[in-house]
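Chains as they are written, first to last, in my numbering: chain Z, 1 to 393; chain B, 1 to 273.
Wrong hints could be hidden among the right ones.
Unchecked claim - Derived coverage of chain Z by chain B (criterion: at least 3 residues anywhere in the stretch with Cβ under 8 angstroms from a Cβ of chain B; other residues may be distant): (1) 99 to 108; (2) 196 to 207; (3) 247 to 253; (4) 378 to 385.
Said to hold, decoys possible - Within a straight-line C-alpha distance of at most 30 angstroms, the following computed DSS-like cross-link-like pairs (lysine-lysine) qualify: (5) Z:Lys190 - B:Lys113; (6) Z:Lys200 - B:Lys177; (7) B:Lys177 - B:Lys167; (8) Z:Lys190 - Z:Lys328; (9) Z:Lys245 - B:Lys113; (10) Z:Lys107 - Z:Lys95; (11) B:Lys113 - Z:Lys243.
Keep in mind the hints are simulated off the structure, nothing from the lab.
Glycine included, every Cβ here is placed at the ideal spot set by N, Cα and C.
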Amino acid sequence: MPPNEFDPQVLNRLATNRTSRRRFIGGGAAAAAALAMGGSVLAACSSDNKSATGTTSTQEGPASGTLRISNWPLYMADGFVADFQKATGITVDYKEDFNDNEQWFAKVKEPLSRKQDIGADLAVPTTFMAIRLHGLGWLNELGDIPNKKNIRQDLLEASVDPGRKFSAPYMSGMVGLAYNRAATKRDITKIDDLWDPAFKGRVSLFSDAQDGLGMIMMSQGNSVENSSMETVQKAIDLVKEQKEKGQIRRFTGNDYADDLASGNVAIAQAYSGDVVQLQADNPDLQFVVPESGGTTFVDTMVIPYTTQNQKAAEAWINYVYDRANYAKLIAHTQYVPVLSDMTEELNKIDPKLASNQLINPSKETLAKLKGWPGLTDEQTKQYNDAYAAVTGG
Amino acid sequence: MILPALVYLGIFFVVPFYSLARTSLSSSGGSVYLPTLEFNWDFGNYLEAFSHYQDQIVRSFGYAITATVLCLLLAFPLAYVIAFKAGRYKNLILGLVILPFFVTFLIRTIAWKTILADDGWVVGALNAAGLLPSEGRLLSTSWAVIGGLTYNWIIFMILPLYVSLEKIDPRLIEASKDLYSSNRRSFAKVILPLSMPGVLAGSLLVFIPASGDFINADYLGSTQTTMIGNVIQKQFLVVKDYPAAAALSMVLMLIILVGVLLYTRALGTEDLV
Chain Z
1 MPPNEFDPQV LNRLATNRTS RRRFIGGGAA AAAALAMGGS VLAACSSDNK
51 SATGTTSTQE GPASGTLRIS NWPLYMADGF VADFQKATGI TVDYKEDFND
101 NEQWFAKVKE PLSRKQDIGA DLAVPTTFMA IRLHGLGWLN ELGDIPNKKN
151 IRQDLLEASV DPGRKFSAPY MSGMVGLAYN RAATKRDITK IDDLWDPAFK
201 GRVSLFSDAQ DGLGMIMMSQ GNSVENSSME TVQKAIDLVK EQKEKGQIRR
251 FTGNDYADDL ASGNVAIAQA YSGDVVQLQA DNPDLQFVVP ESGGTTFVDT
301 MVIPYTTQNQ KAAEAWINYV YDRANYAKLI AHTQYVPVLS DMTEELNKID
351 PKLASNQLIN PSKETLAKLK GWPGLTDEQT KQYNDAYAAV TGG
Chain B
1 MILPALVYLG IFFVVPFYSL ARTSLSSSGG SVYLPTLEFN WDFGNYLEAF
51 SHYQDQIVRS FGYAITATVL CLLLAFPLAY VIAFKAGRYK NLILGLVILP
101 FFVTFLIRTI AWKTILADDG WVVGALNAAG LLPSEGRLLS TSWAVIGGLT
151 YNWIIFMILP LYVSLEKIDP RLIEASKDLY SSNRRSFAKV ILPLSMPGVL
201 AGSLLVFIPA SGDFINADYL GSTQTTMIGN VIQKQFLVVK DYPAAAALSM
251 VLMLIILVGV LLYTRALGTE DLV
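Start from the sequences, fold in the hints, and give me the full structure.
Encoded structure:
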């Protein structure tokens with residue numbers, strides 16, 4: 001019998017509603033967006049032409065056929081897929097089945113290790129996962145993508161993938177603190193505010209090691225850019241101490257949003273885009289990058305080596321990287337653009353977008369943000385396991 | 001005739017159980033992300049399960065036992081009324097008991113989060129009446145988790161109790177009255193003993209799933225009310241340490257088995273299991 005016979009996805013069904021940073025939050029706006037989203041998915045489905053599959057990556061000439069995309073829920077703009085189909089003649093089978101990096105990995109690692117199709121020609125893992133897949137040799141290199149020149153310089157030259165040879169940034173965002181001003185009755189500016197006895201049992205932290213520990217390490221004077229088990233452990237020890245004091249209510253994935261909006265949680269570790277969406281319904285919610293700094297994440301488009309349509313995947317990335325197209329995505333997801341010089345295109349949609357500090361952070365904010373570098377497999381596992389011992393028990 | 005049942009048991013119980021037991025005695029090696037499991041009678045997984053997670057194990061069974069007792073206390077009077085006093089409303093009341101369970105378990109649990117929210121009127125009213133301890137909240141406490149378990153599983157107590165009470169011949173109760181037995185005495189000597197099969201079945205149906213539950217602790221609890229189910233879930237899906245998760249599952253199963261055997265023996269209705 002092969003190892004790992006259990007299908008974690010089946011177990012996972014029982015634990016739905018966990019850990020999707022993009023899980024949509026809030027009321028009316030969300031419903032409207034969901035409807036809009038449904039529309040574009042339907043559009044994609046109705047023109048889905050199954051007979052066109054089987055186009056291989058070696059095919060010459062312009063891209064055609066079907067492109068199967070696996071993306072996070074509600075990480076897409078209304079009509080975007082339909083416009084792409086119209087512009088390129090490629091049929092898109094767009095699925096929102098990417099809900100959590102680790103759980104997605106648990107699902108695809110068996111087929112990918114045997115080089116079997118995973119039902120997607122393009123997926124959108126977070127950077128650390130893209131690096132892991134690349135390290136395992138499971139990604140194709142990106143071919144000719146003219147609009148790649150539009151990528152922000154810092155991302156284009158990022159040490160994790162200089163020149164963006166295998167991972168194409170899709171969205172970036174900030175990991176910081178969100179607080180409910182009505183519950184805290186004061187402004188929150190630093191990590192120490194999390195441990196204020198006034199908020200006992202009303203703080204939530206991320207269970208993800210990088211997102212959860214990064215800002216805490218920075219508050220302890222350590223850096224995420226050259227982390228060690230020692231500095232990570234120091235942050236874990238602090239979290240453990242606070243957990244035992246009863247300070248921490250929950251370790252969350254994306255499900256922090258409901259508790260925050262309802263006031264059960266006063267301060268939560270949070271992702272910037274979520275908070276912009278939540279503010280529409282609850283103006284008391286604020287997002288802040290702690291004084292000692294916060295971290296960033298970048299989700300990237302990658303092409304698995306089992307892709308059946310490399311050319312169409314590249315055409316998709318190129319289409320996304322057109323600034324006018326990309327502005328539509330940002331207007332919907334409200335995350336930080338991965339393309340440079342977006343102000344003009346954003347202004348065309350809504351002048352408020354470009355001036356929103358969470359979409360277009362100021363120089364001072366940017367200076368406080370740091371990104372985790374690519375960690376070795378052993379490091380990631382060590383950090384994850386050490387933190388899971390605190391969050392899981 | 002029982003062949004389909006045997007095949008079913010074989011496929012859905014024996015094979016997974018064998019696989020689980022085997023995994024729990026394996027150790028993982030090889031690369032970090034594609035570990036290979038090697039079967040080598042590694043009992044260290046069990047040792048680790050006990051030493052690292054004894055708090056959660058104790059807590060799980062404490063919660064499950066409390067919830068079972070609460071279910072029994074709440075369900076018995078209700079089942080009694082339905083069986084003996086409801087008259088022509090019997091089916092209506094039974095229907096009402098079952099009705100909430102048409103809504104999915106997850107939604108019902110999350111609904112409690114809204115009802116018991118810290119800023120909600122329930123907590124507000126209780127606080128105003130001075131009925132809550134210092135922290136002034138219900139959610140994220142042990143009692144919220146126990147309450148969730150009781151609420152979610154109580155139907156499995158009500159139905160077996162109702163069935164066993166309903167089967168009692170009313171003439172037996174009348175006979176006890178004719179022999180000058182007080183109400184209390186005929187309850188203790190006639191009704192309760194005859195309803196024991198229902199008590200037993202209901203307790204098992206509540207206790208077993210409640211001890212392995214993780215949804216209630218996840219949504220209604222805090223970081224200090226985690227149950228063994230939460231640990232197993234995390235080990236399987238996040239840490240991906242399958243041997244440790246399998247060992248924990250086996251421990252859970254064994255403790256439940258021993259508990260159930262002791263319980264059935266104590267109730268003297270072994271032949272019913």
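*Broken hints, by number*: The structure conflicts with hints 6, 8, although it agrees with all the remaining ones.
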